[in-house]
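Start from the sequences, fold in the hints, and give me the full structure.
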Amino acid sequence: MPFGGNKWEHRKMVSYAEMMETIQRQFGNLRKLDNEMQDDTSKGYQVPGFHGRVGFITSMSQHFCATCSRLRLTADGCLKVCLHGNSEVSLVKALRSGASEEELIQLINEAVKLKKKHHAGMFRLAMQSNRPMVLIGG
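Counting along the sequence shown from 1, when you hit position 10 you're at 10 in my numbering, and nothing is skipped either side.
Source of the hints: derived by calculation from the structure; they are not laboratory data. Values in this document were obtained by computation on a predicted structure and should not be read as measured data. Hints are supplied without guarantee of correctness; some may be wrong.
Unchecked claim - Think about it this way: if two alpha-carbon atoms lie no more than 30 Å apart in a straight line, the pair counts; the simulated DSBU-like pairs of lysine-lysine are: (1) 117 / 43; (2) 43 / 113; (3) 32 / 93; (4) 116 / 12; (5) 93 / 116; (6) 32 / 43; (7) 12 / 113; (8) 115 / 12; (9) 93 / 117; (10) 116 / 43; (11) 116 / 32; (12) 43 / 12; (13) 115 / 93; (14) 113 / 93; (15) 12 / 93; (16) 115 / 43; (17) 12 / 32.
Stated by the list, open to error - Simulated DEER-style distance windows between Cβ atoms: (18) 33 / 95: 31 to 41 Å; (19) 52 / 92: 36 to 46 Å; (20) 11 / 75: 27 to 37 Å; (21) 96 / 28: 51 to 61 Å; (22) 21 / 52: 48 to 58 Å; (23) 75 / 104: 40 to 50 Å; (24) 15 / 92: 33 to 43 Å.
Just so it is clear, CB atoms sit at the ideal spot from N, CA and C, and this is done for glycine as well.
So this is what it looks like as structure tokens:
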């Protein structure tokens with residue numbers, strides 16, 4: 001996934017469809033697992049007759065933004081409503097300014113309302129600036 005400084009390139013990406021095709025060619029059809037949560041970010045499968053599971057997070061080839069309920073709190077106190085987005089809300093600044101619990105809740109609610117139904121697409125994401133993953137956390 002494209003993040004600051006990781007030299008991500010589209011041509012090196014292996015898509016979800018390609019991965020599925022490769023696994024099915026080797027092991028036959030996979031059994032789709034029921035998502036435990038409606039907002040799950042991964043697509044889970046099991047190879048019949050084998051222990052274990054495999055999951056795919058398809059954020060670049062098949063985005064799931066409309067159902068994503070994830071938020072990230074960075075180590076420096078910023079809230080990111082999208083891992084791929086470059087907008088952040090500083091919760092630490094609000095806390096240091098003496099924001100009440102109600103004001104923090106309102107700030108978080110306003111940030112969450114700005115979540116988009118889909119990200120900019122892998123080609124645009126690769127060109128926009130974003131923190132390196134190590135600075136986002138995760």
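Worksheet item: Between residue 96 and residue 28, does the beta-carbon spacing fit 51 to 61 Å?
Response: holds, 57 Å
Worksheet item: Quick one: are residue 75 and residue 104 within 40 to 50 Å, going by C-beta?
Response: With a Cβ separation near 18 Å, residue 75 and residue 104 fall outside 40 to 50 Å, so the hint is violated.
Discussion item. For the hint 33 to 43 Å, verify it against the beta carbon of residue 15 and that of residue 92.
Written reply: Holds - the Cβ-Cβ distance for residue 15 and residue 92, about 38 Å, lies within 33 to 43 Å.
Fill in: Pairwise hint evaluation, residue 12 against residue 43, where the allowed Cα distance is 30 Å at most
holds, 21 Å
Discussion item. Check the hint pairing residue 32 with residue 43 against an upper bound of 30 Å on the C-alpha distance.
Written reply: holds, 8 Å
Item to complete: Verify the proposed pairing of residue 43 with residue 113, using a straight-line Cα cut of 30 Å.
Response: With Cα atoms ~25 Å apart, residue 43 and residue 113 stay inside 30 Å; holds.
Worksheet item: Has the given pair, residue 12 with residue 32, been kept, meaning a C-alpha gap of at most 30 Å?
Response: Holds, because 26 Å separates the two Cα atoms, which is no more than 30 Å.
Worksheet entry | Distance restraint between residue 113 and residue 93, which requires alpha-carbon spacing of 30 Å or less | Distance ~20 Å between residue 113 and residue 93 Cα, so the pair holds.
Worksheet entry | 30 Å limit on alpha-carbon distance, applied to hinted pair residue 116 and residue 12 | Distance of about 27 Å is within 30 Å: holds.
Worksheet item: Taking 30 Å as the top limit, are the C-alpha atoms of residue 115 and residue 43 close enough?
Response: Holds, at about 21 Å.
Item to complete: Sort out whether residue 93 lies within 30 Å of residue 12, counting only the CA atoms.
Response: It is violated: about 39 Å lies between the C-alpha atoms, which goes past 30 Å.
Worksheet item: Is the distance from the Cβ of residue 33 to the Cβ of residue 95 consistent with 31 to 41 Å?
Response: Holds, at about 40 Å.
Hint violations for this structure: numbers 3, 7, 15, 22 and 23, all remaining hints satisfied.
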